[in-house]
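Build out the structure end to end from the sequences listed, making use of the hints.
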Amino acid sequence: MTNKKTSLGGILLEALAVLCMVLILIPVVWMVSMSLKTEGQQITNTWQYFTPPYTLQNYSTIFQTSKVLIWMWNSLFVALVVTGLVIVISTMAAFALAKIPFRFSKFMYFFFLMGLMVPTEATIVPLFVTANRLGLIDTYQGLILPALAGSMNIVIMRSFFRGIPNDLIESATIDGANEMYIFLHIILPLGRTVIVTIAIFTFIGNWNSYLWPYLAAMSEDLFTLPLGIPTFIGQYTQDKVLPMTINTIASVPIIIFFIVFEKQIVKGITLSGIKG
Amino acid sequence: MSTKRRRIWRNDLVALAFLLPFTVLYVVFTIYPVGQGIYMSLFRWGLMGKQGYIGADNYARFLGDRFFWGALWNTTKFVLYSTPTIILLSLGLALLANRRSPLKRLYRAAYFTPNLLSVSVISFLTIYMLQPYGMGFISNLMKTLGMREDVFFLRDPQLVWVSIVGATAWWTCGYNMMLYISALQDIPDQLYEAAAIDGASPSRQLWSITLPLLKPTTLLILLLQLIASFKVFAQIRLITNGGPGNATRPLIQYIYESAFDKNRLGYAAAMSYALFLILVVLALIQLWMTRETER
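These protein sequence lines map, in sequence, to chains A and B. Everything in the first sequence is counted per my numbering, starting at 1 for the first residue and increasing by one. Everything in the second sequence is counted per my numbering, starting at 1001 for the first residue and increasing by one.
You may find that some hints are simply not true.
With a straight-line cut-off of 27 Å between C-alpha atoms, the simulated BS3-like cross-links for lysine-lysine are [as the list claims (entries may be wrong)]:
#1 B:1004 <-> B:1262
#2 A:267 <-> B:1215
#3 B:1231 <-> B:1215
#4 A:267 <-> B:1104
#5 B:1231 <-> A:267
#6 B:1215 <-> B:1262
#7 A:263 <-> B:1004
#8 A:106 <-> B:1004
#9 B:1231 <-> B:1077
#10 B:1104 <-> B:1215
#11 B:1215 <-> B:1077
#12 A:263 <-> B:1215
#13 B:1262 <-> B:1050
These aren't lab readings, by the way, just hints derived from the structure by calculation.
The following block contains the structure:
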């Protein structure tokens, strides 16, 4: 069926789609163009927000006077380590639940399902006390370890791994392969899609995570970007150019990340939506 | 017999080894705090630790605390305002971005972009967009268009909710739009073709085919949205810090302030269980729903 008639309705909808795009992107474009402005420039009409003169002065000011590079490094470090560890421990656990016939398999699965019902937001106070007792407050371990403890990934991976045919595993077993071999050479390669998806989401989630780091990181040298930005902006009440610059600096890496992984991210959202 | 038994034992041990690293973390950081929280809620508890057993007093006290009810009401308001807004906007964006168009991919990426920004970034963008006196983008645009009046988005007790909900919708709609788009793509083309042959207009097709078939997705988004919105904290804390007055302070912020500003951790732990209860009920409904759809 070809859409021959470019109807008036079709043109109006196209225009509406473009208008929505412009409205949605205006704040982002404004942020970037403000970061290119000179501090204290008078803006008489709105168009001037976007027109030259531009300068890169703000960027060098930010890199020299703020800890933005440290915060960015912390965000990146924490997000990468969490992602790596989540993948290792969750694939291991999900493999055991999906493919090893052991006696407490059902029990363990339900034990992990229970965790889906525990919202971190409602346990922050006891979690803080627990982490404090373990000496984890204001350390990297304190930012990382609690972020590994959610059972959602395991539930998703388990249902995916169960779909991997048992024939493959049985024939490998007959050839004398042990569980470690099966895990590394059958499960991980065949589970690639779900693993990549979960890795991407874990990374984005932790790069942007706010509530727990807000409690667990006390010193500025341990802040991640979402914590550092408000601290930095708090010093500026009048001018917007430096705050907008630091916002831009914080946003560029994740936007590049999105452009690179667009396909997987889109696929992953659907997956997470179905499994909730 | 004995080889079989040995096999069972061996499987148990191997499975245990694979499960161990996650299980330890899960028990320590997810399960244990739930029990620890119940225990704490029975005590007067400061940052330095236990101060004295008081039984159910913390619970009785928060049930009579008007700031607790105020904060719970604020959270509820946020849920009530944001959920329908976000669902309708996400659906609209999905329909726009799923049309046959050379710019399809661009639309999707653009509508999704705000979702990538960190909560701190979107909060400060909101604050700066809404500054009065011609300093913020909106106010400046109004001045440029010749309007004289100043609008105080973040000081007016009604407009402040419009601002917070608007910012949240702008930030999160892209995600739900993607869920809708994937559901739209699952609707077979033949349905539309058959309807077109029968002479159904595009708007008729929308009402009779598309929207009814999107119902399961809408229910899913509704629940995900309810769960996420009851947890609201970061953007409100950063945009208004609960103000003006306490007009927008959500429950999590009150819990946080009670614990770490007022040093009443037991009281805060007790209040957390009100939120816990709401979220557990929603999670159970969601679990039950995914079971139903998987069948």
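Comparing the hints with the structure gives:
{"no.": "1", "hint": "B:1004 <-> B:1262", "verdict": "violated (60 Å)"}
{"no.": "2", "hint": "A:267 <-> B:1215", "verdict": "holds (21 Å)"}
{"no.": "3", "hint": "B:1231 <-> B:1215", "verdict": "holds (25 Å)"}
{"no.": "4", "hint": "A:267 <-> B:1104", "verdict": "holds (16 Å)"}
{"no.": "5", "hint": "B:1231 <-> A:267", "verdict": "holds (26 Å)"}
{"no.": "6", "hint": "B:1215 <-> B:1262", "verdict": "violated (46 Å)"}
{"no.": "7", "hint": "A:263 <-> B:1004", "verdict": "violated (47 Å)"}
{"no.": "8", "hint": "A:106 <-> B:1004", "verdict": "holds (20 Å)"}
{"no.": "9", "hint": "B:1231 <-> B:1077", "verdict": "holds (13 Å)"}
{"no.": "10", "hint": "B:1104 <-> B:1215", "verdict": "holds (24 Å)"}
{"no.": "11", "hint": "B:1215 <-> B:1077", "verdict": "holds (24 Å)"}
{"no.": "12", "hint": "A:263 <-> B:1215", "verdict": "holds (25 Å)"}
{"no.": "13", "hint": "B:1262 <-> B:1050", "verdict": "holds (15 Å)"}
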